[in-house]
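Heads up: the sequence lines are chains A and B, in that order.
What the first sequence shows, in full-length UniProt numbering, is residues 1 to 389, in sequence order.
What the second sequence shows, in full-length UniProt numbering, is residues 1 to 389, in sequence order.
Quick list of the computed label-pair ranges, beta carbon to beta carbon:
| no. | chain 1 | residue 1 | chain 2 | residue 2 | range |
| --- | --- | --- | --- | --- | --- |
| 1 | A | T280 | B | P328 | 57 to 63 Å |
| 2 | A | K288 | B | R131 | 57 to 63 Å |
| 3 | B | A149 | A | P328 | 54 to 60 Å |
| 4 | B | G70 | A | A124 | 30 to 36 Å |
| 5 | B | G82 | A | G175 | 49 to 55 Å |
| 6 | B | G105 | A | L62 | 36 to 42 Å |
Below 35 Å or equal to it, Euclidean Cα-Cα: the simulated DSBU-like pairs (lysine-lysine) are:
| no. | chain 1 | residue 1 | chain 2 | residue 2 |
| --- | --- | --- | --- | --- |
| 7 | A | K99 | B | K66 |
| 8 | A | K66 | B | K99 |
| 9 | B | K223 | A | K99 |
| 10 | B | K223 | B | K254 |
| 11 | A | K254 | B | K254 |
| 12 | B | K99 | A | K254 |
| 13 | A | K254 | B | K342 |
Since the hints were derived computationally from the structure, they do not count as laboratory data.
Don't be surprised by glycine CBs; every beta carbon is placed ideally from N, CA and C.
Protein chains: 2
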Amino acid sequence: MKASEIRELLKLLDQPDIISFAGGIPDPSLFPAQAIGDAYQAVLGGAEAGAALQYQVSEGFLPLRKWLAGQMGKLGVACDEGNIFITSGSQQALDYLGKLFLSPGDTALVTWPTYLGALQAFNAYEPRYDRLNTAGGNMTPEAYRAAAAANGGRVKFAYLVPDFANPTGNTLDAGQREAVLDLAGELDIAVIEDAAYRALRYDGEGEPPILALDCARSGGIDKARTLYCGSFSKILSPGMRVGWVCAPRHVVEKLVLMKQASDLHSPSINQMVMHRVAETIFDAQVEKLIGAYRKRRDALLSALKANMPDGISWSRPDGGMFVWLTLPEGVDATELLARSVKEARVAFVPGNAFYADGTGRSTLRMSFTLADDRAVGEGVPRLAKLLRR
Amino acid sequence: MKASEIRELLKLLDQPDIISFAGGIPDPSLFPAQAIGDAYQAVLGGAEAGAALQYQVSEGFLPLRKWLAGQMGKLGVACDEGNIFITSGSQQALDYLGKLFLSPGDTALVTWPTYLGALQAFNAYEPRYDRLNTAGGNMTPEAYRAAAAANGGRVKFAYLVPDFANPTGNTLDAGQREAVLDLAGELDIAVIEDAAYRALRYDGEGEPPILALDCARSGGIDKARTLYCGSFSKILSPGMRVGWVCAPRHVVEKLVLMKQASDLHSPSINQMVMHRVAETIFDAQVEKLIGAYRKRRDALLSALKANMPDGISWSRPDGGMFVWLTLPEGVDATELLARSVKEARVAFVPGNAFYADGTGRSTLRMSFTLADDRAVGEGVPRLAKLLRR
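Only chain A is shown next, with the shape it has when bound in the complex (with noise of 0.2 Å):
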């Protein structure tokens, strides 16, 4: 979506009687405000406050580099903190990852559906793209490279968000992901791991990232193909814009140069108030997002059985925030929303603007996260009843 589109939607949470699927945002209302507020008095109020208003090193803050590596080994991924790479939220790793593979012509692998933002963040660079498949069924490795060098360029990097995806809730298990290695191996390309949602598991056990078992394989961080994309947003806060990314050291080393060019470095303040927040309460805000969060999804995926029509089918997902519908064949979700907004006073997000190639038309994402009791009540069985139509 364009910011005009976004700002339409905004519009549209704004007007109390439009129930709104929409927004593939965070409930605000479970931020840990009383936390964050504390840590920027304690931050400010001491003998930190000169560097947390002062500029600071395009690479990021010391100490929040330092306990990210040490979630990250958690996660199975042995690195230090000249593995991790402080960016504005995770849209910009994928904006600068964009900037350090992609020439005009080149190839990017990504899922049909996948996230919108890595799609924009990546077309300012123009690049063709190419389907991946990650449940199987993917093009031999020669048939992408002939296709990339039919347009002038080379197959860059994969893309995916391999847990909960944006859009499709989808979540890789551990043989998908090491096909995914296994291709990216062949083809010799980078492979860039959106793990955004990754936290948020509301069934089952977590699969490894990519990364970890890209290092099993090949040795170790600094010989990985593998660049994987943190962010504080969907736990802690997407306004206060602070990510990461875990990746080789020569891969950071770029990183951090390309980051000086382009902003110098991301807030001060903001990444020395999150690592304070991170330090003391992640784990026990993540829980309390997972409860809060995993009742809405029950909510969601059991008013749609008991209201949608035959014909209509949607994911359910583990974790994350969003479940995918598709729609009965030439049934475009684009104009069902147009009339959905006018008469169930329904908003969603229509599915085809996840898709590279612009299909996907009867396809559309419903996010969870803001879906009270009385959205998920009156919305579903109001967007059921237009579709009986």
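Starting from the known structure of chain A, arrange chain B on it as the hints suggest.
Frame of chain A; chain B shown alone:
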């Protein structure tokens, strides 16, 4: 300078026996930490907490944009919030404007010397540089155009710091500003006005922004060719990373799309806090800084006069942070820095880093923002002694 070199400079600053005139940074003891801390507390303790920690629109926090439009109005630039775009410091503005205008091989006009960070931002887009002489003596428009065409591109913009420039400290008078607009008009190119130091004037009256002169001759901001880059970094805090662009609406709209793809938006909370702080203490903070920095500039200029041997000249800035020294021909400032750090324990920035063509080897930049009595009283004589040998 590269990140590694900045790290080295920062390390120097940490050594208590090194007197550094190198860093172009504000004095952290002058940051309004209390007022900023109070504003974070007020925002996070009240009804705005959710919005402060949430995603927001890419163009920036509306009340801050309105306040900035009012400030621009006081400088003679009649505009509204549609002409204001919030950036993560003015470095990001330079990056985006480079991305917006430059294709590889295009020409950017810059002064010799110019702000190093601007060269770093623009370099990512692979331009050629040609020389802008703000004191007169420019080439004809035809000659600029021919030189650009010979390189396979076009002249796209002129970039300059018209007030207390980094690194020279020089300020353009109104006639020189008009001359820049004349040349830009003849070339039909944009003017990027970097106003980072504008508020820090220690003597005399402020000159009108180039953008104000442009509005007067073009018939209003939306017809202007000048893009004004402002920043809170030198007055309130660089660590919060809040800057702005004031520009025609059609340029702001393009920058908004660029920002959405590259980092979504600057931190919501920092924009809200900056708005509160700016609204209440901006003018008082400017007065406080002027009082402190004027004394340090005067002390540095006096010490240079009292100590420097013949054959060395320097700028006498009316504001800003920098004095620019020109050494006798043949004296290489990079070599001098190595000797100075070793023998005199005094640091500065060699001037050639600021030249797009790598010349200027016998120049150097001294910052006086951190130059307390000891720094000036001991550092300048020690450097002068080295130069006398």
